[in-house]
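*Asks:* For reference, the chains in residue letters:
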Amino acid sequence: SQQGEEDPQALSIQEGENATMNCSYKTSINNLQWYRQNSGRGLVHLILIRSNEREKHSGRLRVTLDTSKKSSSLLITASRAADTASYFCKNSGGSNYKLTFGKGTLLTVNP
Amino acid sequence: DAGITQSPRHKVTETGTPVTLRCHQTENHRYMYWYRQDPGHGLRLIHYSYGVKDTDKGEVSDGYSVSRSKTEDFLLTLESATSSQTSVYFCAIRATANTEAFFGQGTRLTVV
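If you read the sequences in order, they're chains A and B.
Residue 27 in the working numbering sits at position 21 of the first sequence; the count goes up by one each step and never skips.
Residue 1291 in the working numbering sits at position 102 of the second sequence; the count goes up by one each step and never skips.
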């Protein structure tokens, strides 16, 4: 499969808490990307981590990558109600043109 | 924001009628994709294009056809719309097979 698989399927937390989502994939990668989808909207690219990177930060987002375990995690610190959305990972590598996604993690941040 | 526009944004059509959705980009990206999204199914790939006149099927291509006669436009056609094709349709673009993708705002299609 060319798509990542996110875990857990759903996560509910309180505002101010940290949220951690995980991604597993099966193929070798050039990079791994995380996306967010707010209800009814298209996916929005959040952050890309290359295969030779282990950790990357962007604002309140922290992404880690473990290529030996074929896994990645997305940490959102100090979550806000506006972070409520579905989050998807996407592994990219090789010459596969298809762009497919798993079912994502539905994050609900309660005020 | 990436220059990608879907039209129309909303459409109601009758069963059996043909429908064409348009995805227009101003980024000169090589790859373009059409998805449908339904509750409980996530994003499902319908068709994609890897260049002008180069297209291929995705996971749920039955009942859909596409055309890409120029870089900026990727058209999705439902030859004879059915109620099962009621859905939200998204278009996406990306420059290469390894770069990030940009999504359109979506088209809500209702077939009655």
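Bear in mind the hints are in silico, worked out from the structure with no lab data behind them.
Cβ atoms here follow ideal geometry from the backbone N, Cα and C, with glycine treated the same way.
Errors might be hidden in some of the hints.
SDA-like cross-link-like pairs, simulated, lysine to any residue; straight-line CA separation at most 25 Å [to be verified]:
1) K1246(B) <-> T106(A)
2) K62(A) <-> T90(A)
3) K1259(B) <-> V1300(B)
4) K62(A) <-> A1191(B)
Partner residues aside, some chain A positions facing chain B, computed with beta carbon under 7 Å [stated by the list, open to error]:
5) Q39
6) N44
7) S45
8) H51
9) L54
10) H63
11) A87
12) Y103
13) L105
14) K109
Quick list of the computed label-pair ranges, beta carbon to beta carbon [to be verified]:
15) R47(A) <-> T1209(B): 18 to 24 Å
16) T1266(B) <-> R47(A): 22 to 28 Å
17) K1242(B) <-> R47(A): 26 to 32 Å
18) K1259(B) <-> E21(A): 45 to 51 Å
19) S74(A) <-> S1256(B): 39 to 45 Å
20) T1202(B) <-> N44(A): 25 to 31 Å
*Asks:* Restraint: L105(A) near chain B, CB-CB cut 7 Å. Satisfied or not?
*Replies:* For L105(A), the interface hint holds, since the closest Cβ of chain B sits about 5 Å away, which is under 7 Å.
*Asks:* Can the restraint linking K1246(B) and T106(A) be considered satisfied, given a maximum Cα separation of 25 Å?
*Replies:* holds (12 Å)
*Asks:* Does S45(A) pass the interface check with chain B, least Cβ-Cβ distance below 7 Å?
*Replies:* violated (11 Å)
*Asks:* When the nearest CB of chain B is found for Q39(A), is that gap smaller than 7 Å?
*Replies:* Nearest chain B Cβ about 6 Å off; hint holds.
*Asks:* With a cut-off of 25 Å on the C-alpha distance, tell me whether K1259(B) and V1300(B) pass.
*Replies:* Status violated; Cα separation ~29 Å.
*Asks:* Min Cβ distance, K109(A) to chain B: is it shorter than 7 Å?
*Replies:* holds (5 Å)
*Asks:* With 22 to 28 Å as the target window, see if T1266(B) and R47(A) comply at their CB atoms.
*Replies:* Check passed, 24 Å falls within 22 to 28 Å.
*Asks:* 26 to 32 Å was suggested as the range; check whether the CB atoms of K1242(B) and R47(A) agree with it.
*Replies:* holds (31 Å)
*Asks:* Should the hint that S74(A) and S1256(B) are 39 to 45 Å apart at their CB atoms be regarded as holding?
*Replies:* holds (44 Å)
*Asks:* Identify whether the interface hint at Y103(A) stands, where standing means a beta carbon of chain B within less than 7 Å of its own.
*Replies:* holds (5 Å)
*Asks:* Quick check: does the Cβ-Cβ distance between K1259(B) and E21(A) fall within 45 to 51 Å?
*Replies:* holds (47 Å)
*Asks:* For the pair R47(A) and T1209(B), does the Cβ-Cβ distance stay inside 18 to 24 Å?
*Replies:* Given a distance of about 23 Å, which is inside 18 to 24 Å, the answer is holds.
Hint check: violations occur at hints 3, 6, 7, 10, 11; the rest are consistent with the structure.
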